[in-house]
Each structure stands twice: as structure tokens, then as C-alpha cells.
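Enquirer: Residue-level listing of the chains:
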Amino acid sequence: MNKPTNQRAWLLVLPVLVAVAFSAIIPLMTVVNYSVQDILGPEQRVFVGTEWFRKVLRDPELHGALRRQLGFSLAVLALEIPLGVALALVLPKEGRAASVCLVLLGLPLLIPFNVVGTIWQIFARGDIGLFGVVINALGVEYNYTSNALDAWLTVLLMDVWHWTPLVALLCYAGLRAIPEAYYQAARIDGASAWATFRFIQLPRLRGVLTIAVLLRFMDSFMIYTEPFVLTGGGPGNATTFLSQYLTRLAVGQFDLGPAAAFSLVYFLVILLLSYIFYTAMTASTSTTGSKEAR
Amino acid sequence: MKRIAVPLYLLLSFIPIYWLVGMSLKTNEEILGGFTLWPRNPTFANYVTIFTDPDWSDGYINSLTYVGINTVLSVLLALPAAYAFSRYRFLGDSHLFFWLLSNRMSPPAVFLLPFFQLYSSIGLFDTPWAVALAHMLFTVPLAVWILEGFMSGVPREIDETAYIDGYSFPRFFVRIFLPLIRSGVGVTAFFCFMFSWVELLLARTLTAVEAKPIVATMTRTVSAAGMDWGLLAAAGVLTLVPGAVVIYFVRNYIAKGFALGRV
Numbered sequence: 001m002n003k004p005t006n007q008r009a010w011l012l013v014l015p016v017l018v019a020v021a022f023s024a025i026i027p028l029m030t031v032v033n034y035s036v037q038d039i040l041g042p043e044q045r046v047f048v049g050t051e052w053f054r055k056v057l058r059d060p061e062l063h064g065a066l067r068r069q070l071g072f073s074l075a076v077l078a079l080e081i082p083l084g085v086a087l088a089l090v091l092p093k094e095g096r097a098a099s100v101c102l103v104l105l106g107l108p109l110l111i112p113f114n115v116v117g118t119i120w121q122i123f124a125r126g127d128i129g130l131f132g133v134v135i136n137a138l139g140v141e142y143n144y145t146s147n148a149l150d151a152w153l154t155v156l157l158m159d160v161w162h163w164t165p166l167v168a169l170l171c172y173a174g175l176r177a178i179p180e181a182y183y184q185a186a187r188i189d190g191a192s193a194w195a196t197f198r199f200i201q202l203p204r205l206r207g208v209l210t211i212a213v214l215l216r217f218m219d220s221f222m223i224y225t226e227p228f229v230l231t232g233g234g235p236g237n238a239t240t241f242l243s244q245y246l247t248r249l250a251v252g253q254f255d256l257g258p259a260a261a262f263s264l265v266y267f268l269v270i271l272l273l274s275y276i277f278y279t280a281m282t283a284s285t286s287t288t289g290s291k292e293a294r
Numbered sequence: 295m296k297r298i299a300v301p302l303y304l305l306l307s308f309i310p311i312y313w314l315v316g317m318s319l320k321t322n323e324e325i326l327g328g329f330t331l332w333p334r335n336p337t338f339a340n341y342v343t344i345f346t347d348p349d350w351s352d353g354y355i356n357s358l359t360y361v362g363i364n365t366v367l368s369v370l371l372a373l374p375a376a377y378a379f380s381r382y383r384f385l386g387d388s389h390l391f392f393w394l395l396s397n398r399m400s401p402p403a404v405f406l407l408p409f410f411q412l413y414s415s416i417g418l419f420d421t422p423w424a425v426a427l428a429h430m431l432f433t434v435p436l437a438v439w440i441l442e443g444f445m446s447g448v449p450r451e452i453d454e455t456a457y458i459d460g461y462s463f464p465r466f467f468v469r470i471f472l473p474l475i476r477s478g479v480g481v482t483a484f485f486c487f488m489f490s491w492v493e494l495l496l497a498r499t500l501t502a503v504e505a506k507p508i509v510a511t512m513t514r515t516v517s518a519a520g521m522d523w524g525l526l527a528a529a530g531v532l533t534l535v536p537g538a539v540v541i542y543f544v545r546n547y548i549a550k551g552f553a554l555g556r557v
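Line order of the protein sequences matches chains A and B. Under our numbering, the final residue of the first sequence carries the number 294; numbering is consecutive throughout. Under our numbering, the final residue of the second sequence carries the number 557; numbering is consecutive throughout.
No lab work stands behind these hints: they were computed from the structure. Certain hints may be false.
To be verified - For lysine-lysine, the following DSBU-like pairs were computed, each having C-alpha atoms within a straight-line distance of at most 30 Å: (1) LYS550(B) with LYS93(A); (2) LYS93(A) with LYS506(B); (3) LYS3(A) with LYS296(B); (4) LYS550(B) with LYS296(B).
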């Protein structure tokens, strides 16, 4: 880490900054505007201060959605990260088999969100869908349209199916970047497979794992289209995550003020949690010193 | 164990896709009438409908247009930025990076309205440019991150030698540096393509008629004519094709490996 300091590097970053700021800051300021106003008509707005924020923060339905959301995102991370790493470890390393596996593995990633929901909507049906029929045939009562737990598990399974390949692809690429010499050294030392993983592969995967965890956390925390198509948030509120609830507030009831306040709170929650993940994972990088190898 | 795990996972993960393909070859009556493992009377009627209706083909072209613009712009803008991050320290560099990433975190729903207003006010509404620019919010940070990882793998001595040999920065960057990180550009393009191709909410909000993406064509058809599952499935199968082509081209770049350093 002995990069020279050069403030002119800002010039190289400027294009990205301008492009992103244009699409990011103006909408954010508009939402801030909404969140402190009561919009009565096109030209009639009243400043209401923090009223919407107080209203939103006391909303019991929002607390329910937040709990479900946290549970869902943690389950997503707990399943997809280990599964993705495990897959990356056992995938073929080279040749035609590796090519075929990578292409097949990546396919679910490239399906548009609404198509993902559409597939599972029929696929998981107990009467006419392959998945539902098989589960029922195994003697398990399963009906995602009426049973809350089944619906929740179906959304989770759908997400695992859809996004584990992202974790696996990133980790696979990370593993391929480890020089062969590291493995030779491990073999000479007679390291077990676990020791090789723990002390050679895992530290070198930190970079890709950080982005995998952040991406999966942020995207699962904002999941909207797939459960909307699959369950519409039901049965009851079982799969109403934060985005669904927010949409109901903004579009269904047309409460723009509270919805905007909610959006900002929502944004800050993701920001805070992501920042915790980010600092925790980058801090551990410097303590193990894996960056020195660069 | 190892030998079974990969084929088993790939097989399981392929089943929902098989189901989609199967549905696209069935009639609505067969899909909803009962459980059939494979189409009893395979029909291509759903595909014929899609290929003969310009609404669908326009949707594909529109989607590919904004995804293409997004991918090219994201990579072009991210290249110099990633170089700056990989080679220099500068005021606020790590904060800047997290800020870039934070733009991915704005939850949809309420943010859709200001996006709509913003792009309407500058006359980009219902053009592929609006969607491409909006999607850059989440493709650009990722592009910077991935490219930075590849660039950090190139020893800095190469830059220094080139400058000593009298190369200017642009000439060095295009002639020497870019070929060295070719696979990084490929992998980055793949991820930009992917995240832009599958996104629905922004793409649907920022377009109406002229630039209507395929995903919007699908949802609108559903609401207009009831659920036409077969047709929907056929369109779904076709949305897989461009992605499959792209991943086929970058598979070797991914297999070569990359380590993402700066986080």
C-alpha cells in the first residue's frame, strides 16, 4: 500500500462522479423535499417538519415488515454465501468442463426479475407445478399461496436459486487468481484441505467476498419484483418486505409524504448496515495483511 | 462427493429453467389444466405470436439498446476512475468509493417518481438514454470496483517504464494498459449487462411507448389479456438468450480469475 498521493487523480474520477451525481443527488433531494411536506395539490404544499418521520417510525406495520426483511436478508446471506463458496471450491478448474459449468451456473442470473417470479409462480404450485407436486408427493403439506411459512420459504428458495451463482462466480474468479505456488507450499507443509481453505483460500477471497456480501445484502434488502410477482406479499403479510410495504404506502394509499420519509429511513438503514459490513470486512483485511501481497 | 456435487447442483438449478422452457411449449389449457412433466402436444404457437407481433421484437431491441448504451458508458467512465483508485491516493478516496456504492442502496418505489421527473425535465423520458443513465447508478460502482481489481494486478513498473519511454498518458492507457486488462473489461461488461438486463422497475418507469423494454411488454400483456402463461414463458425463454450469449463469451475471462482488492 505505498501508492503515491496525487490529487490530480480526481480528474480521472470526475466523469464517474458527474454521471452518478446527476442521477443520484437530484432524486434524493426531491425525496427529502417530499418527506417534510404535506402535498395537498399540485401548487399546495405545507411544510410539516418531522411529522412524517415520527408517524412512520411509530407504524407497527413497518416494524413487522422490517423484522421480516431483516430475517429474510440474514437468511439469504447465511445460505447463499457458504453455498456459493462451496460451489466455487468444487467447480472444475479448467478445460471444457469448466466452460460448460460456468455458463450453466450463470444462467439464472440473467433471467429478468419478473420472469423469475413468473417461473416460480407456476413451478411451485402444488397442483400443476413440478416443485409443488414433488414436495407434496414426498408427504409434506406444501402450499405457498395459503401457508405463510411455505410462502416465505418459497421466496427464500427462489432467491437462493437465483443469486447463489453470483457468489459462486465471484468466488470462483477469486480462487483462480491464487498463484499455484501457494498451493505447492501448502502441500509441502502437509496442510489439510481445511487448513488450505482457512489459511490460503479464505484470506485471498476477502475482496470478492466483501462485494458478494454487500451486493447480496443490499439487493435482498430491496427485493421487490420477485415476491411481488410470486405472492403479492401474501398470504396475509408473510412475504411483505419493506419494498412492498413502501409501494403500498406510496402508490396504493398515495401518501407521498410518509412514503418519502419511510424511503429515507429505509435508505439510512441499508447505508448503516452496509457500512458496518464494509468496515468489518475491510478492517480484517488489513489485520491479516493479505493486501501486502499486492 | 466432489464429483456429484457440481452436476447435482447444476441439475437442480436447471430444473426451473426447464420448467420455463416446458411451459413455453404448452398451451394455456395444458399449463393450468393439470400437472404434466413435459408438453404432451408441443406447440410453437407462443413463439410464432412473439415473432409476428412487432410489439415484442421492438421490446427486445429497446432493451438491448439501453443495456448496450449502459454497458459501453459504464465501462468507458469506470476505466479512468478505476485507474485513479488503483494507482493513487487522493483526498477522500475511500469515502468516495463508498459513496459511489451507496447509490445502489436507494430503495425503489418512492425514488421512481423523482427519477421520472428528472428525466422528463431534460427531455430524455421514453428514450433508451434515460434507462441507461439511471442504470448507471448501480452498474458504474461495480464496474469501478471490478476494473480496479484487475488493474491492481498489473505491476506499477509497467506504467513507469512507459512514461520513461515517452508515452503520454492516453497513449499508454490505450496501447499498453488496456490490452493487459482485457479480461477485466470483459468481466466488467458482463456484470453491467447482467444487472441492467434483469432490472424492471426503473426501465418500466422511465419509458412509455417508444423505448418500452421487453420486461414491460411482458407485464403489460399480462394485465391486458389476463394471464397468458404460455406466451409469457416463451418471452421469458427469449430473454435468456442474450444473457447466455454474453456469458458464453466471457466464461474464459472468469475462469482466468480475478481478485478484487480495494474495498
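Enquirer: Now tell me, hint by hint, if it's right for this structure.
Expert: A quick look at each hint next to the structure:
no.	hint	verdict
1	LYS550(B) with LYS93(A)	9 Å, holds
2	LYS93(A) with LYS506(B)	41 Å, violated
3	LYS3(A) with LYS296(B)	42 Å, violated
4	LYS550(B) with LYS296(B)	21 Å, holds
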